[in-house]
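Please put together the full structure from these sequences, using the hints given.
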Amino acid sequence: MTRVEVAVVGAGPAGLCAAVAAAGQGARVLVLDDAHHPGGQLTKQTHKFFGSRRQRAGTRGIELAGVLAGEAREQGVEFWPASTALGYYPADGVLTVDRGGRFLKVRPDALVIATGASERMLAFPGNDLPGVYGAGAVQTLMNVYGVRPGRRVLMVGAGNIGLIVSYQLVQAGVEVAAVVEAAPRIGGYAVHASKLRRLGVPILVSHSVKAAYGSPAVEMASIWQLDERWEGVAGSERRLSCDAIGLAVGLSPLTDLLWQAGCAMRYVAELGGHVPVRDEVGETSVPGVYVAGDAGGVEEASSAMATGRLAGLGASRRLGYAAGYEEAVEETRADLAALRQGPTAGKIRRGLQLLREGAG
Amino acid sequence: MLERTGVPTPEQLALCLPGPERARRGAVAVFECFEKIPCDPCYEACSQGAVLPFTDINDLPQVDHDRCNGCGNCVQHCPGLAIFVVDCTWAPGKALLKLPYELLPLPEAGEALSCYDREGKRVGEGTTVRVVRGRPFLGTPVVWVELELDRCGQVRHVRPREGGAGDGAAG
Numbered sequence: 001m002t003r004v005e006v007a008v009v010g011a012g013p014a015g016l017c018a019a020v021a022a023a024g025q026g027a028r029v030l031v032l033d034d035a036h037h038p039g040g041q042l043t044k045q046t047h048k049f050f051g052s053r054r055q056r057a058g059t060r061g062i063e064l065a066g067v068l069a070g071e072a073r074e075q076g077v078e079f080w081p082a083s084t085a086l087g088y089y090p091a092d093g094v095l096t097v098d099r100g101g102r103f104l105k106v107r108p109d110a111l112v113i114a115t116g117a118s119e120r121m122l123a124f125p126g127n128d129l130p131g132v133y134g135a136g137a138v139q140t141l142m143n144v145y146g147v148r149p150g151r152r153v154l155m156v157g158a159g160n161i162g163l164i165v166s167y168q169l170v171q172a173g174v175e176v177a178a179v180v181e182a183a184p185r186i187g188g189y190a191v192h193a194s195k196l197r198r199l200g201v202p203i204l205v206s207h208s209v210k211a212a213y214g215s216p217a218v219e220m221a222s223i224w225q226l227d228e229r230w231e232g233v234a235g236s237e238r239r240l241s242c243d244a245i246g247l248a249v250g251l252s253p254l255t256d257l258l259w260q261a262g263c264a265m266r267y268v269a270e271l272g273g274h275v276p277v278r279d280e281v282g283e284t285s286v287p288g289v290y291v292a293g294d295a296g297g298v299e300e301a302s303s304a305m306a307t308g309r310l311a312g313l314g315a316s317r318r319l320g321y322a323a324g325y326e327e328a329v330e331e332t333r334a335d336l337a338a339l340r341q342g343p344t345a346g347k348i349r350r351g352l353q354l355l356r357e358g359a360g
Numbered sequence: 001m002l003e004r005t006g007v008p009t010p011e012q013l014a015l016c017l018p019g020p021e022r023a024r025r026g027a028v029a030v031f032e033c034f035e036k037i038p039c040d041p042c043y044e045a046c047s048q049g050a051v052l053p054f055t056d057i058n059d060l061p062q063v064d065h066d067r068c069n070g071c072g073n074c075v076q077h078c079p080g081l082a083i084f085v086v087d088c089t090w091a092p093g094k095a096l097l098k099l100p101y102e103l104l105p106l107p108e109a110g111e112a113l114s115c116y117d118r119e120g121k122r123v124g125e126g127t128t129v130r131v132v133r134g135r136p137f138l139g140t141p142v143v144w145v146e147l148e149l150d151r152c153g154q155v156r157h158v159r160p161r162e163g164g165a166g167d168g169a170a171g
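Line order of the protein sequences matches chains V and G.
In terms of the working numbering, the first sequence is residues 1 to 360.
In terms of the working numbering, the second sequence is residues 1 to 171.
In short, the hints are calculated from the structure, not lab data.
Treat each hint with caution, since some may be false.
[Claimed, not checked] As a list, the in silico DSBU-like pairs of lysine-lysine whose alpha-carbon atoms are at most 35 Å apart:
#1 G/36 - V/210
#2 V/347 - V/210
#3 G/36 - V/347
#4 G/94 - G/36
#5 G/121 - V/210
#6 G/121 - G/36
#7 G/94 - G/121
Here it is, written out as structure tokens:
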């Protein structure tokens, strides 16, 4: 049994910021992650971040992963790589972990769950063919392992992930046949869309993939136009030759551990699915269990860092490390409010409102 | 339209252009930033005070073109790659464009370029004047392109010209 004051599950932007904040307050912190390196999704993000200086705007994700991991190390945070959290048992306060094949028990005084989100799938004939990827997998192959996922790719979804990964495909020397978006407007930031258009990549709104064909792997896709009820328009089909299809059709919070720990959950579509009910610093209905980052609702990495910091402050305060707590929470909440203030965050604001009101 | 096509409209572009008088005085930054997102590194990047302070991080940047000296520091700091510097006084009949460039291989000084508009259509030719590389790997390189004066409002991307002088390996 390993005793720690604060255990953090997930070493992405939220988890690392939670760890840095808690350790900065004086707590003894353990971070574990199923990956071999800290950083979570940051390790494959070669684009620059938005936000402000306090969220390190202008820094590329991959650089930020190193910066946050370095800060955590400096604060004496312990890191367990290749370690998967298996379950949390509130009655005993025990977190069970598979650390490289060994079954271990950890007893933290407070637990921060920062497990992130997972990619959604899309139903269409041929979606089980080799060559159909989640856009995140495309990004991992290219940017972490240096492997091109194909020669000519169709991207499905023009949210920020679909746009950014398409741009990075072009950077890797891969042709992007088109980006199709089912909604009548581009979901991601306009600047990402403009970057892609300059490179000659078409973006087709009110369009989706109808089917993928090929044997033994993707050789062609059929795309078609969608009407105002999001139904395919017969006769509008077009065939595109491609050897890979990237699906960037949204993320869902990765909440298994929260469910299993018995946290009260609520379905809020605006936040990506079921999310835990929590207070202003992320404490769930299970005392001492906090949520941070996308596991609590899908947002930007800059927001994940802020909610991570709040959870870290909350968890350490629970243990009595309360120096400067009010000021730090207030400052972070103000940053978070500013990030969520713009028109692009309207959905998040609505979702959080529904979560608070319990109407979701 | 921007939200359907990814290409700003002429009306939007008209809003971000410096006045003709300022344009006649040389290099000046053009901020093609039309959507309120939480982002303000351009403010931090400008040493001339030409980007006015943000009251809300979601605000669109307000640029005082009279204070801008066209240095291009903002070009390499904008996470959205949405800032360009245009100099209509570069040479008789020629303009200079400083644009963010994140593809490899980087063009080299003197290299012939094909120029593309905001929709990726080829709209002429240019020549690389210099490349400001920024921090290795992490910075956004800025390519200085000499091009026909009447194309400077249209061109927003370049690629080494096929078969052109110094043309590198195919991407």
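Consistency of the hints with the structure:
For the suggested pair residue 36 of chain G and residue 210 of chain V, the alpha carbons sit about 33 Å apart, so the restraint of at most 35 Å is met. Of the pairs offered as hints, the one joining residue 347 of chain V and residue 210 of chain V holds, with about 28 Å between alpha carbons and a cut-off of 35 Å not exceeded. For the suggested pair residue 36 of chain G and residue 347 of chain V, the alpha carbons sit about 14 Å apart, so the restraint of at most 35 Å is met. Distance check on the hinted pair: residue 94 of chain G and residue 36 of chain G sit about 34 Å apart at the alpha-carbon level, within 35 Å; holds.
Between residue 121 of chain G and residue 210 of chain V the alpha-carbon distance is near 28 Å, which keeps this suggested pair within the 35 Å criterion. Distance hint between residue 121 of chain G and residue 36 of chain G is fulfilled; the C-alpha atoms sit about 27 Å from each other, no more than 35 Å. Between residue 94 of chain G and residue 121 of chain G the CA atoms are separated by roughly 20 Å; this keeps the pair inside 35 Å, and the hint holds.
In terms of the numbered hints stated before, the structure departs from none.
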